[in-house]
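Residue numbers (numbering that gives the first Met the number 0), protein chains in the order written: chain A, 0 to 240; chain B, 0 to 260.
Just so you know, not all the hints are guaranteed correct.
[Stated by the list, open to error] Listed below are several chain B residues computed to face chain A (Cβ distance under 7 Å; list not exhaustive):
no.	residue
1	M0
2	V65
3	P178
[To be verified] Lysine-lysine pairs mimicking DSSO-like chemistry, simulated, CA-CA at most 30 Å apart:
no.	chain 1	residue 1	chain 2	residue 2
4	A	K188	B	K72
5	A	K54	A	K235
6	A	K235	A	K220
7	A	K54	A	K220
8	B	K244	A	K220
9	B	K244	B	K72
Derived by calculation from the structure, the hints in this document are not laboratory data.
Owing to the predicted nature of the structure, the values given are computational and were not obtained by experimental measurement.
Just so it is clear, CB atoms sit at the ideal spot from N, CA and C, and this is done for glycine as well.
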Amino acid sequence: MENPIYIALSRQDALRRQMDVVANNLANMMTPAYKNQRMMFLEYLAKPAATPVEKVSMVQDYGVLRNTAVGPISSTGNPLDVALQGDGYLTVETRDGQRFTRNGRLQLDLDRQIVDTNGLPVLNEQDLPMTVPQNSGPITITADGTVSSDQGQIGRIKLVRFEREQFMTELGGGIFTTDEPPLPAPGTKVVQGAVEESNVQSVVEMTQMIEISRQYAVNQKMIEAEHERQRNAITKLSRLS
Amino acid sequence: MRSLSIGTTGMLAQQLNVETISNNIANMTTTGFKRQRAEFQDLLYQNQRRVGSTSSDAGTIVPSGVQIGAGVKAAAVYRINEQGNLQVTDNALDLAVNGQGYFQITLPDGDTAYTRAGSFQINAEGTVVTADGYTVQPGIVVPADAVDITVNGSGEVQVKLDGQIQPQVVGQIQLAVFPNEAGLEAIGSNLLLATPASGDAVPGNPSAPGYGRLVQGALETSNVNIVAEITNLITAQRAYEMNSKVISTTDQMMNTTSQLR
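Between the sequences and the hints, there should be enough to build the whole structure, so can you do that?
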């Protein structure tokens, strides 16, 4: 008898998590290379114990879909900033192995290695960190990812792409991990002195938020109506007896 | 609800953004000032349903999982080292760098600082110093009877002494370039310090390949683009508002819940 309440509850539970995803999109409106996310929903058939024959259709949040569209590229004038045009990723070295990022805000660390904003070394095509030699002048990075200074070539940035980009997991700080094998990304162009901005469209997120809020309230109404119906039933049935 | 704290991180980030923009606007007319930009990073993610986990006995797998982020954090506030405009002042000791490179300044404690603000003066001993009285390297002394000072494009300082026809070379100003200019640390008063992130200074003569040309009688204005700053300010304000909307919407949803009978 309580099934309608549980159905509405499953929707409300999912809506709360959807709100978290929208909130995260809006918070990261200005995070370089951030990809906006959407919650996907699925009908979930449950067979409650009280009704052995019929199945009840619930809602389940099934997955988060990442919009992998390239964000707008804005010029920064910093020689170590790179924006990627295309579906490639930069490869960085972590303690747990290679990880991938599109945030090209690069810098030099204590050992003069080229690192990302998290301080993780960016790898070249030989899977080695790139070190800028002492006393070298300004750095140039060409469209194919070749990094060089006035003292010659420093290395070529390893650019990779993935067959199934949606399978990548965010680790925070713009870093992704995946079990998929990395493939070479010859189609990806490196733009020096620019960064890729977040692809969040604030208007879309705002309308999403309104929708979530309203749907949440509608479900609440439904729970209340059901509650009322049950109370009425109990009152009327008890009067008859 | 998590979106409450996510909205908070968003508002905090935009506050930092507004602070950075206001500092740029405040330094709009500061000689040699380079505008800054706040940069953000997404926070860690929580897995509600792991990517690639099996969703049935038949071995079907979850294609994307439910990962919910925890918001945003400030990653860095970095300087944008674009060339500022050159403004003619006709003051013989006002020097502007047109291109790459920083003037090297000796601080009172002996360390070297770097600056793009070339509004120099001569102190009581005839040494070329900054507006704060710090010596401009390599410590050029202009004789008291000099009537004219010329600094050419490659940094050579020549003076013409009273009664002489031939100018006399009294010094050579060198510029320093860095592998990563964005890594320099600002210490105020238009001065910057080298850091491990910037790399070591590479001194060289102005006008040499990779070095800017010196322009006498001009100053480099700040590279703050006021129209861009104001539009950034509007964007930041709107982003702040949107994040506060996230908080009020979350509040509404929680209110709905608390009204359950």
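Hint check:
no. : hint              : result
1   : M0                : 6 Å, holds
2   : V65               : 5 Å, holds
3   : P178              : 5 Å, holds
4   : A:K188 <-> B:K72  : 28 Å, holds
5   : A:K54 <-> A:K235  : 28 Å, holds
6   : A:K235 <-> A:K220 : 22 Å, holds
7   : A:K54 <-> A:K220  : 24 Å, holds
8   : B:K244 <-> A:K220 : 23 Å, holds
9   : B:K244 <-> B:K72  : 19 Å, holds
Every hint from the earlier list agrees with this structure, and none is contradicted.
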